[in-house]
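A.B. asks: Spelled out, the chains give:
There are 2 protein chains.
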Amino acid sequence: MPQGQPLVVPEDGLTTRQRRNRPLLVVHTGDGKGKSTAAFGLALRGWNQGWRIGVFQFVKSAKWRIGEQTVLERLGELHRETGEGGPVEWHKMGSGWSWSRKQGETEDHEAAAREGWQEIKRRLADESHDLLVLDEFTYLMKWGWVDVDDVVATLTARPGHQHVVITGRSAPPALVDAADLVTEMTKVKHPMDAGQKGQRGIEW
Amino acid sequence: MPQGQPLVVPEDGLTTRQRRNRPLLVVHTGDGKGKSTAAFGLALRGWNQGWRIGVFQFVKSAKWRIGEQTVLERLGELHRETGEGGPVEWHKMGSGWSWSRKQGETEDHEAAAREGWQEIKRRLADESHDLLVLDEFTYLMKWGWVDVDDVVATLTARPGHQHVVITGRSAPPALVDAADLVTEMTKVKHPMDAGQKGQRGIEW
Numbered sequence: 001m002p003q004g005q006p007l008v009v010p011e012d013g014l015t016t017r018q019r020r021n022r023p024l025l026v027v028h029t030g031d032g033k034g035k036s037t038a039a040f041g042l043a044l045r046g047w048n049q050g051w052r053i054g055v056f057q058f059v060k061s062a063k064w065r066i067g068e069q070t071v072l073e074r075l076g077e078l079h080r081e082t083g084e085g086g087p088v089e090w091h092k093m094g095s096g097w098s099w100s101r102k103q104g105e106t107e108d109h110e111a112a113a114r115e116g117w118q119e120i121k122r123r124l125a126d127e128s129h130d131l132l133v134l135d136e137f138t139y140l141m142k143w144g145w146v147d148v149d150d151v152v153a154t155l156t157a158r159p160g161h162q163h164v165v166i167t168g169r170s171a172p173p174a175l176v177d178a179a180d181l182v183t184e185m186t187k188v189k190h191p192m193d194a195g196q197k198g199q200r201g202i203e204w
Numbered sequence: 001m002p003q004g005q006p007l008v009v010p011e012d013g014l015t016t017r018q019r020r021n022r023p024l025l026v027v028h029t030g031d032g033k034g035k036s037t038a039a040f041g042l043a044l045r046g047w048n049q050g051w052r053i054g055v056f057q058f059v060k061s062a063k064w065r066i067g068e069q070t071v072l073e074r075l076g077e078l079h080r081e082t083g084e085g086g087p088v089e090w091h092k093m094g095s096g097w098s099w100s101r102k103q104g105e106t107e108d109h110e111a112a113a114r115e116g117w118q119e120i121k122r123r124l125a126d127e128s129h130d131l132l133v134l135d136e137f138t139y140l141m142k143w144g145w146v147d148v149d150d151v152v153a154t155l156t157a158r159p160g161h162q163h164v165v166i167t168g169r170s171a172p173p174a175l176v177d178a179a180d181l182v183t184e185m186t187k188v189k190h191p192m193d194a195g196q197k198g199q200r201g202i203e204w
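Residue numbers (the working numbering), protein chains in the order written: chain A, 1 to 204; chain B, 1 to 204.
Same shape as in the complex, but just chain A:
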């Protein structure tokens, strides 16, 4: 809520405006629903601000296309047609990243994941996006595919004004420490517990 007042005013020599406009590292973790959905909601909000949106989905299947991708890519098209909002790029690891020559060769998920992270590092250095969503990125660190210290050092030292949102269960403590905003989504009740399967429009 915009009317929220900070509890503490830090002695960091920044004006309120400078502090307000600091780029954020946001983490959505926990075993509940809504981690990715809320991240894509932030992308929607950023698009409306004219931000350059980059979504990187570290998921297993590239055949899987969620509604948010369709809508955000449609909004990116709208930006090209009418100038409304900002440009949108949506990349999925699934069958090889779209920028990669190795598309379709997806046997080595670990290599593909590392390649995704290297590309994100390049984009952060180039300040290619105003908001980056690294969806289900925590697993790469959990599985040791990407080094947590490298991630934290890279994100902490990122230049310019780039917001980064990372989603996934089991966010490593070093990432939580480095983040500005961390929310844990906790499952209280889920229809699958009662035997209901996922459904179109709700789960994807």
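The set of hints was computed from the structure by calculation and includes no laboratory data. Hints may contain errors.
Where chains are identical, the list cannot tell them apart; a pair therefore holds if satisfied intra-copy or between any two copies.
Stated by the list, open to error - Simulated crosslink set (SDA-like; lysine to any residue; CA at most 25 Å straight-line):
| no. | residue 1 | residue 2 |
| --- | --- | --- |
| 1 | K189 | D177 |
| 2 | K187 | E136 |
| 3 | K142 | R122 |
| 4 | K189 | E136 |
Put chain B on the given structure of chain A with help from the hints.
C.D. replies: Only chain B this time, still in chain A's reference frame:
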């Protein structure tokens, strides 16, 4: 995740398909971020399915317009122009509901809140929407403006196939009991704790 398997198959006489397509009552509660953002993300996803989306914001100021409203209303317009997605209605309590003759007379928030709930009851009876987002609706029950038993009875008995998403802190236990999917968003860390104010694109 679509590949998720239910832990229990209930003996309710329904087929998997029938069970999959049951309308859901979803609650996003807790003191963390992302409750509304994830709800609007579901609206985005629903729009992409061609669903008729109805958002009802029980907020204090009508002057306040969040990015999601602009984008979802733009998507509703796109639906009218091209037939893509579904229709979108977005109503705010702020300066009197848009359907009300008393627009602008906002002194009595409790009356406005009750009026919003009565309108939602009518729409549920008429099956006007496929997905209804009742944003920050829990407070009405907390403050005793709307009766929890009435809400639960109405939602439990709603006809047809209407998904309902309710957001807000302190969801009453009876609502949680009645809900199919409940997620608690817990604040782990927030920039306001470190003296940072909310910022455009992130908070609104």
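A.B. asks: Would you mind marking each hint as holding or not holding in the structure?
C.D. replies: Taking the hints in turn, this is what the structure says about them:
1. K189 x D177: between (29 Å within a copy, 9 Å between copies)
2. K187 x E136: both (17 Å within a copy, 19 Å between copies)
3. K142 x R122: Answer is within; shortest intra-copy Cα gap is 22 Å, inter-copy 49 Å.
4. K189 x E136: Answer is both: 21 Å inside a copy and 19 Å across each meet the 25 Å cutoff.
Hint violations for this structure: none, all hints satisfied.
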